[in-house]
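There are 2 protein chains.
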Amino acid sequence: MEIKLVSPFDAHLHLRDGDLLKTAAPISARAFAGAIAMPNLTPPIASLEAANAYKARILAHCGEPFELVAAIYLTPALAARDLEGVKIVKLYPIGVTTGAESGVTDIDRYDRLFGAMSDRGAILSVHGETNGEVLAREAQFAPIYENLAKRYPRLKIVMEHISSIALVNLLDRYENLFATITLHHLLYTLDDLLGGRLNPHLFCKPIVKTAADRGALRKLAFAAHPKVSFGSDSAPHLRAAKEGASGAAGVFSAPVLLPALAELFEAHSALGALQAFVSDNARRIYGVAPAEKIVTLIKRPTIVPDEIGGVVPLLAGETIAWSLA
Amino acid sequence: MEIKLVSPFDAHLHLRDGDLLKTAAPISARAFAGAIAMPNLTPPIASLEAANAYKARILAHCGEPFELVAAIYLTPALAARDLEGVKIVKLYPIGVTTGAESGVTDIDRYDRLFGAMSDRGAILSVHGETNGEVLAREAQFAPIYENLAKRYPRLKIVMEHISSIALVNLLDRYENLFATITLHHLLYTLDDLLGGRLNPHLFCKPIVKTAADRGALRKLAFAAHPKVSFGSDSAPHLRAAKEGASGAAGVFSAPVLLPALAELFEAHSALGALQAFVSDNARRIYGVAPAEKIVTLIKRPTIVPDEIGGVVPLLAGETIAWSLA
Numbered sequence: 001m002e003i004k005l006v007s008p009f010d011a012h013l014h015l016r017d018g019d020l021l022k023t024a025a026p027i028s029a030r031a032f033a034g035a036i037a038m039p040n041l042t043p044p045i046a047s048l049e050a051a052n053a054y055k056a057r058i059l060a061h062c063g064e065p066f067e068l069v070a071a072i073y074l075t076p077a078l079a080a081r082d083l084e085g086v087k088i089v090k091l092y093p094i095g096v097t098t099g100a101e102s103g104v105t106d107i108d109r110y111d112r113l114f115g116a117m118s119d120r121g122a123i124l125s126v127h128g129e130t131n132g133e134v135l136a137r138e139a140q141f142a143p144i145y146e147n148l149a150k151r152y153p154r155l156k157i158v159m160e161h162i163s164s165i166a167l168v169n170l171l172d173r174y175e176n177l178f179a180t181i182t183l184h185h186l187l188y189t190l191d192d193l194l195g196g197r198l199n200p201h202l203f204c205k206p207i208v209k210t211a212a213d214r215g216a217l218r219k220l221a222f223a224a225h226p227k228v229s230f231g232s233d234s235a236p237h238l239r240a241a242k243e244g245a246s247g248a249a250g251v252f253s254a255p256v257l258l259p260a261l262a263e264l265f266e267a268h269s270a271l272g273a274l275q276a277f278v279s280d281n282a283r284r285i286y287g288v289a290p291a292e293k294i295v296t297l298i299k300r301p302t303i304v305p306d307e308i309g310g311v312v313p314l315l316a317g318e319t320i321a322w323s324l325a
Numbered sequence: 001m002e003i004k005l006v007s008p009f010d011a012h013l014h015l016r017d018g019d020l021l022k023t024a025a026p027i028s029a030r031a032f033a034g035a036i037a038m039p040n041l042t043p044p045i046a047s048l049e050a051a052n053a054y055k056a057r058i059l060a061h062c063g064e065p066f067e068l069v070a071a072i073y074l075t076p077a078l079a080a081r082d083l084e085g086v087k088i089v090k091l092y093p094i095g096v097t098t099g100a101e102s103g104v105t106d107i108d109r110y111d112r113l114f115g116a117m118s119d120r121g122a123i124l125s126v127h128g129e130t131n132g133e134v135l136a137r138e139a140q141f142a143p144i145y146e147n148l149a150k151r152y153p154r155l156k157i158v159m160e161h162i163s164s165i166a167l168v169n170l171l172d173r174y175e176n177l178f179a180t181i182t183l184h185h186l187l188y189t190l191d192d193l194l195g196g197r198l199n200p201h202l203f204c205k206p207i208v209k210t211a212a213d214r215g216a217l218r219k220l221a222f223a224a225h226p227k228v229s230f231g232s233d234s235a236p237h238l239r240a241a242k243e244g245a246s247g248a249a250g251v252f253s254a255p256v257l258l259p260a261l262a263e264l265f266e267a268h269s270a271l272g273a274l275q276a277f278v279s280d281n282a283r284r285i286y287g288v289a290p291a292e293k294i295v296t297l298i299k300r301p302t303i304v305p306d307e308i309g310g311v312v313p314l315l316a317g318e319t320i321a322w323s324l325a
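Chains A and B, in that order, are what the protein sequence lines are.
For the first sequence, counting from 1, position 299 maps to 299 in our numbering; every step adds exactly one.
For the second sequence, counting from 1, position 198 maps to 198 in our numbering; every step adds exactly one.
For reference, chain A alone in the conformation it holds in the complex (with noise of 0.2 Å):
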């Protein structure tokens, strides 16, 4: 038995620098014909200079084509005039994640910013979590996405790697608002995190959350919902920085995605979605157009490594049912 995937994309990927950037980039343009790159970077990824550099940085690692789109961080800094030549603008408020110590405060500051962003077709990406208590972050967010979808009706707004039913309910209820669903946020629950023992391999912004909020998702993603794209999150951070005290949000599930999504949506019998929520979705709500890839997997069991790259990779030492060709 096999899947072939038409061009498979990943609207939300990172990818890091450095060493971490030679062993995510290879694999996630193995398996996705592209993606778009976060750029949480420290100093981060502001401009469309910067972006092009990380891209061209990036590509390097690659080892084939691989279509990139590389999101701007949207700092105070950032005016209308630099919006020339970028697709998509990533809001993080300020200390919510990894990398967002450089993020925005007042939204409200921004309103020139999201005209222009309106007029030129460029999208907004946000990392949707206010500081409030850590599993009421992103429902808190959720007056201010509707804030923002009816101040700017033109403005594609991606609610990115929603994790809670608070979101889900927005989706239908604005024209404009988008999301991203990553697989751990599909496979997992707080009490995977944490219900016995803690797991730091499963620790990400925003958290895991109840069973509720996760079968709201599955549905989302199994009826492949026209504006929710896939978009993994895979964050490759050394296994010293995500276990110990260091404990960084992220989880590297780049090398297991598609096999781990076949897995799952072939268990709730939901397969006939998978091409359109891990590549038809994406390619119409962000415009992109990969060279055309065919990916198959075929129903053979991988056995996750223990350790990739000094990365503990998510679903380490298990096996999933399905494998790249």
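By construction, these hints were calculated from the structure, which means they are not laboratory data.
Cβ atoms here follow ideal geometry from the backbone N, Cα and C, with glycine treated the same way.
Keep in mind that a hint or two might mislead.
[To be verified] In silico contact screen, one side only, chain B against chain A (beta carbon under 7 Å); selected entries: (1) Leu190; (2) Asp192; (3) Arg197; (4) Asn199; (5) Gly247; (6) Gly310.
[What the hints assert, rightly or not] Residues of chain A placed beyond 12 Å of chain B at every Cβ, according to the derived structure: (7) Leu41; (8) Ser47; (9) Pro65; (10) Arg112; (11) Gly115; (12) Ala116; (13) Val134; (14) Asn147; (15) Leu198; (16) Cys204; (17) Lys209; (18) His225; (19) Glu266; (20) Ser269; (21) Asp280; (22) Ala321.
Assemble the complex: chain A is given as a structure, and chain B must be docked to it using the hints.
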């Protein structure tokens, strides 16, 4: 400035066995006049004979007089005839925490035992969590506490290490329900565990919860509510068992308990309640009478070591405003 505490008592303490016991026992014996030693070893301390042998092993390492009550683990094998000389029986619903593999599945099976405990004045100490979703487990246990309290009105039931408002609300509703509260549930919320970076050294069962839950616990502690004893639930695990993928639940708070409590109570103008909270209430509730021991705290900084006997203590590397004299 100094505080003299008369016979502090730790009503919920894990001392382990072997090398960990050698580390833990003298630390608690130095600061406290006595403690209730919890029985979740492997195999569990499930008979009076095992409890007496364990007490002897503990006392051999205490280095000074220490009034020990060793609780008996409630396994399906425990019968009414085994209660002779038993002061405290500890109920672990199966699988809910470290060493709960031998615990109880069906509380209704113990009707005769609980009846016999009522007759003898033995105390039922309970880890009150279900096997439900991790943050709801304690609240889901509330009706089980209510059933026990109603069915055995003469049985003293201690709700151990309460962490949520749901259980705080039961305390004044049932005459025979009591509680212990830990230091870490008074200090932390889920945000400290995983709101920023992940801190495995704050991972415990029950999980630390919201600011509202912590607020309700603080209100009880700062008023030295007469049905509440201080019980640290201090539980040493070697660093390697806490960090990385092994992720054991438990916080080693014993090395910092009284100084950290003094600092917290002082910050909330509640020092007047400290004596009752850390000693008088437990002596009355449990009917224990340790030899008088005056423990003096002075307003001089404690710098908490990074590691003690291979175990990372609570507040490792931090400074507390008070010290044991």
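Which earlier hints can't be squared with this structure?
-> Violated hints: 2, 6, 13, 15, 16 and 17; rest satisfied.
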